[in-house]
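Trainee: Sequence:
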Amino acid sequence: MNASSGSTVTSDPATATYLLSAFAIGDWGTTTYKGSCCSRSDSYSNYDIAAEDVVASLMNTEAGNAAVKPKVIISHGDNFYWTGINSLEGRDSRFTTTFEDKFDGANIKTIPWVNVMGNHDYGGASYVCSSGDGNAKCESTDALIQGLERKFEWQSGYTSPNDNRWKLEDHFYVHRIEDPTTGVSIDIFNVDTNDADTHGAMQICCQCYGYSNGDSAKCDSVGRGHKYCAGGDTAMYDACFNKFAEWGADSRTQLKAKVAESTATWKIVNSHYGPYDHYAEAGMNEWFDVLRGSGIHVFLYGH
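Anchor point for the sequence shown: position 207 equals 207 in full-length UniProt numbering, and the numbering is continuous, going up by one each time.
Be aware that a few hints might be false.
List time: in silico DSS-like cross-link candidates among lysine-lysine, alpha-carbon distance up to 25 Å [unchecked claim]:
{"hint": "1", "residue 1": "Lys227", "residue 2": "Lys167"}
{"hint": "2", "residue 1": "Lys227", "residue 2": "Lys243"}
{"hint": "3", "residue 1": "Lys34", "residue 2": "Lys137"}
{"hint": "4", "residue 1": "Lys218", "residue 2": "Lys137"}
{"hint": "5", "residue 1": "Lys256", "residue 2": "Lys243"}
{"hint": "6", "residue 1": "Lys102", "residue 2": "Lys69"}
{"hint": "7", "residue 1": "Lys258", "residue 2": "Lys167"}
{"hint": "8", "residue 1": "Lys218", "residue 2": "Lys34"}
{"hint": "9", "residue 1": "Lys167", "residue 2": "Lys218"}
In case anyone wonders, no lab produced these hints; they're calculated from the structure.
Quick caveat, the model's predicted, so the values are computed rather than measured.
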């Protein structure tokens, strides 16, 4: 994002000696059952359930073979399909089943995971609120906002038994890795981009899969005020939408300030959504206004 027209290539990536390495993975959080969030996915198979095991095995193998072991695993969100963590009581069991017991190879078991939240971590397009360990219709605007905040807290408050490897400090936070011998460092700026226009705040706040009983075909043209969008409650929808706008704006504000203060050799943004692919022009430009000339080298995202 800060390349100069006078930049020159000083090394060959194929032959360079690296001092730091990291893995990156997004949209990885498998379900605990064979099924989908919605009616459109009727061919869900055992291959989908097994995919996480295969990826985890490959990551463990690569980490073991690497000349420089990865110091961090950068996660781009959608950590728990389809609707995130649904209760404090069920949280540890879910983490054990689809995280701890999956990424348990000796070469990756204690590497820090630096996380952000994706749309599915906030509920996807299903009900945000919960009853027990299941999704439930939010009875009020306050309940919906509390539901969003709990979705975040149930992930951010988790303590991994494996060297406390799970990291989700806030909606915006910075994680640094460094080579102690040379001082070469990478700052990872983790941001909340769920105010995105594509599959972001609108779909999360409408909760159409909940109101339509999972019939995704009915959700194609649903928006603010529709009976399948927060039950037609525009005040509830607006409060939810504004919460994501608040988190997104704060991420941009903090990113601008923290990048300016950063002394890291390399600077990376970690996100669930990308400014160009997932935002309309206005939102895209808000991100580009922060990124241009900032010194950010890479913007990583999933979805």
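Trainee: Hint compliance check: list the failing hint numbers for this structure, sorted ascending.
Mentor: 1 and 9
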